[in-house]
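Protein chains in written order, with my numbering: chain A, 23 to 626; chain B, 3 to 54.
Incorrect hints may have been included.
25 angstroms max Cα-Cα, derived PhoX-like pairs, lysine-lysine [stated by the list, open to error]:
id : chain 1 : residue 1 : chain 2 : residue 2
1  : B       : 33        : A       : 473
2  : A       : 549       : A       : 528
3  : A       : 554       : B       : 38
4  : A       : 554       : A       : 502
5  : A       : 528       : B       : 38
6  : A       : 607       : A       : 575
7  : A       : 523       : B       : 33
Using C-beta positions, here's what the derived DEER-type ranges look like [claimed, not checked]:
id : chain 1 : residue 1 : chain 2 : residue 2 : range
8  : B       : 41        : A       : 349       : 22 to 30 angstroms
9  : A       : 339       : B       : 27        : 20 to 28 angstroms
10 : A       : 602       : B       : 27        : 39 to 47 angstroms
11 : A       : 271       : B       : 48        : 16 to 24 angstroms
It is worth saying that the hints were derived from the structure and are not from the lab. Glycine included, each C-beta is placed from N, C-alpha and C at the ideal position.
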Amino acid sequence: MDRKPFKRLLGQETEYAIRFTPAEGKIRPTNQSLYRLISNNIKELVKARPGERNYYQDQFFVENGGAFCYEFLPSTPEGGLLEGSTPECSSPSELLLYQRAQEELLRQAVQQTQSQVESDGTLGLIKNCRDAEGNIYGTQENYEGEIASGFSLFLYRAGLIFCFPFSVISQVVTSFVVLLTEFLLLIGAFVFYFFLAVIQGVLKLLSIFLPFTPMLFLVNIFSKSKNSLKNKFTQVIENEEEADKINNMLWRVYYKIFYPFQIPAFFPFILILWLTAFKKQRQGLQAFLISKPIISGAGTLLQDGTFALSEKGTGIRRLARVTISPSDRAIFDFGNILKKFNFAGIDLLLFRPSKYKQLFHRVQRIQLGLSDSNRAHIAEYLKTGTTLLMLEMAETGFLNDAPQLSSPVKALRAINSDPGLKTRVPIKGKEPMSGLEIQQYYLTAARLFLKQKKNISMEYYEIVKLWDETIKTLEKDPGKLIGRLDWVSKRYLIETSGADKSYEVKKKIDIAYHELNSGYFNLLEEKGIAPKLLDDSAIKEAIRTPSSPERVKLRSRLVGGIHYEGSRMTISWDSVRIGNWKNRKIVYLNKNNDQNTPKNKTFD
Amino acid sequence: MKQINNNLAIDLQEEIGLKNDPLSEIVETIKKDAEKDPSGYLENAIVPEGGE
Chain A
23 MDRKPFKRLL
33 GQETEYAIRF
43 TPAEGKIRPT
53 NQSLYRLISN
63 NIKELVKARP
73 GERNYYQDQF
83 FVENGGAFCY
93 EFLPSTPEGG
103 LLEGSTPECS
113 SPSELLLYQR
123 AQEELLRQAV
133 QQTQSQVESD
143 GTLGLIKNCR
153 DAEGNIYGTQ
163 ENYEGEIASG
173 FSLFLYRAGL
183 IFCFPFSVIS
193 QVVTSFVVLL
203 TEFLLLIGAF
213 VFYFFLAVIQ
223 GVLKLLSIFL
233 PFTPMLFLVN
243 IFSKSKNSLK
253 NKFTQVIENE
263 EEADKINNML
273 WRVYYKIFYP
283 FQIPAFFPFI
293 LILWLTAFKK
303 QRQGLQAFLI
313 SKPIISGAGT
323 LLQDGTFALS
333 EKGTGIRRLA
343 RVTISPSDRA
353 IFDFGNILKK
363 FNFAGIDLLL
373 FRPSKYKQLF
383 HRVQRIQLGL
393 SDSNRAHIAE
403 YLKTGTTLLM
413 LEMAETGFLN
423 DAPQLSSPVK
433 ALRAINSDPG
443 LKTRVPIKGK
453 EPMSGLEIQQ
463 YYLTAARLFL
473 KQKKNISMEY
483 YEIVKLWDET
493 IKTLEKDPGK
503 LIGRLDWVSK
513 RYLIETSGAD
523 KSYEVKKKID
533 IAYHELNSGY
543 FNLLEEKGIA
553 PKLLDDSAIK
563 EAIRTPSSPE
573 RVKLRSRLVG
583 GIHYEGSRMT
593 ISWDSVRIGN
603 WKNRKIVYLN
613 KNNDQNTPKN
623 KTFD
Chain B
3 MKQINNNLAI
13 DLQEEIGLKN
23 DPLSEIVETI
33 KKDAEKDPSG
43 YLENAIVPEG
53 GE
């Protein structure tokens, strides 16, 4: 296979649901404590270093350049997910390799953790996107892409300057209130403790002279209160679960206070993004992404007993994100840019302007929210491979005439809820098209693009060949794609193993298909029905070796190297900070001579 | 990357016969496993409020 580098980096973030089924009468530990156990085992299996989000998300980077963290919503901190991020990759085949390496590492860590959980029961990680109650989480695809050009780029950059004070004010107010609250809580607790101690002392003294029962009773009450407060302090310091309870309570309070204030602070910048960011890609890829679930959907059984192609597709609300709420799920997600913009205010106040400067780069990270967590190698490979090719085509103007859906979200719902693949959706100025017809349109355009383009990686030809075969098989006999496409495989298993069974049994088949350690998909793989595109030995090797971009190799050397053993180190996607405040060295990962990472490109 | 055999599942079904093919075995295995406390399983795999 030709190893010519692709022009842009790509990567994937995957949120895994943490399942623990306790034995009868036993307690289910919180996801927070289970994450802690699993992450400790990951750190025993591979070399790891704390990430910049270590303090509030337990983030850490591992020696292949990827990262893990505890992803949670402030409203439910104890019910979070384990998020794994692949290192930046140079091709879809490399991304598939590092995604599977992440899963293999997690499989080993879960096996080790099983015996360490204090409560009896079975532990599992589920690589899916939708639980039995319809809550959505899962995967996000990331690609480098040109955010804008010409006047739009000027407008975007002007917006960054104009809106920045809002971010700074929001951050200053938030940080001040958080620090003040925590300071007052701590001082308040100490003052209260000493107040109880003084009262107890005075009462004890009085009880010597007035040895009446009520006086002794009061001494007892104050003594108990003081000891209980002292015990609580000791517990919080010594026991992580007790500390979690206090932290979680504070998260909830802060979320309720600050979220309403952040909406107006972010609104002007979101408006600028909506007007300028990734317009070419949004226009060119719109119909492609909406019909992509027919290839890469993982399938989901809905509460009404019907089957949908994509788990994520059921929760998508719009084409591009317009608020900062995580539940505002969009196909094009600006969450990463908004986060960077949010923290840029704090970074600037701490004399670290690099993140804000990065936002001015022409190339930014495109984050796609409509992306299912695949178990089948072919589905996952096609998901990222075809998207990468479409981005290439859109940015060179090759998709300027691509079909535009009259109502994108309605079209997604219609295509997603029809596993028969017959539903046609309205197209602006053209005849309605089915999901298959839309994919065929893009496939034909891709063939033409490859014919006209010189100096393009041979891997694109492989991707187009596999895409073509898959679409033809979907048209003629989808059953032949069992083991290759997740939604086809899952639908088959629900209809056969779950025939005449209750909704709960069918839904268990849906969810258990995605278990990493003992999933129903694993059975398809073990019996050779689900083809593997990668060798097991290559996957195992990728757990400890970095992907090809130079920036990942450098990060990996810093995470795993013995030179800095014992030194304090904080890793982020774009830099590594070594040493303490007095003696700090910052290594910027972007500033390397990287053939796969053109200068000024960013993937943070 | 490995070479892909396009018709693996179908070839196996045709060659070995539907009753003894690996897919039928898998269907039976899943059928038995899925009936074991499905409600308890689902309840303990809930992600409150989801993620991103």
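Notebook entry, point to check: How does the Cβ-Cβ distance of residue 271(A) and residue 48(B) compare with 16 to 24 angstroms: does it lie in that range?
Noted result: The hint (16 to 24 angstroms, Cβ to Cβ) holds, given that residue 271(A) and residue 48(B) are roughly 21 angstroms apart.
Notebook entry, point to check: Regarding residue 602(A) and residue 27(B), is the given constraint of 39 to 47 angstroms on their beta-carbon distance met?
Noted result: About 59 angstroms separates the Cβ atoms of residue 602(A) and residue 27(B), which means 39 to 47 angstroms is violated.
Check: Holds or violated: are the alpha carbons of residue 554(A) and residue 502(A) at most 25 angstroms from each other?
Finding: Holds, at roughly 16 angstroms.
Notebook entry, point to check: Within 20 to 28 angstroms or not, the Cβ separation of residue 339(A) and residue 27(B)?
Noted result: violated, 42 angstroms
Margin query: Given the hinted pair residue 554(A) and residue 38(B), is their Cα-Cα distance within 25 angstroms?
Written below: violated, 29 angstroms
Item checked: Pairwise hint evaluation, residue 473(A) against residue 33(B), where the allowed Cα distance is 25 angstroms at most -> At roughly 48 angstroms apart (the allowed maximum being 25 angstroms), residue 473(A) and residue 33(B) break the hint.
Note to self: Tell me if the straight-line CA distance from residue 523(A) to residue 33(B) falls inside 25 angstroms.
What the structure shows: Judged against 25 angstroms, a Cα distance of about 9 angstroms means the pair holds.
Next item on the list: Mind checking the alpha carbons of residue 549(A) and residue 528(A) for me, to see if they're no more than 25 angstroms apart?
Entry: holds, 22 angstroms
Next item on the list: Would you mind confirming whether the straight-line C-alpha gap from residue 528(A) to residue 38(B) stays at or under 25 angstroms?
Entry: holds, 12 angstroms
Check: Should the hint that residue 41(B) and residue 349(A) are 22 to 30 angstroms apart at their CB atoms be regarded as holding?
Finding: With a Cβ separation near 26 angstroms, residue 41(B) and residue 349(A) satisfy 22 to 30 angstroms, so the hint holds.
Note to self: Would the hint linking residue 607(A) and residue 575(A) be met if the CA-CA limit is 25 angstroms?
What the structure shows: holds, 18 angstroms
Going down the numbered hints, you'll see the structure goes against 1, 3, 9, 10, while the others check out.
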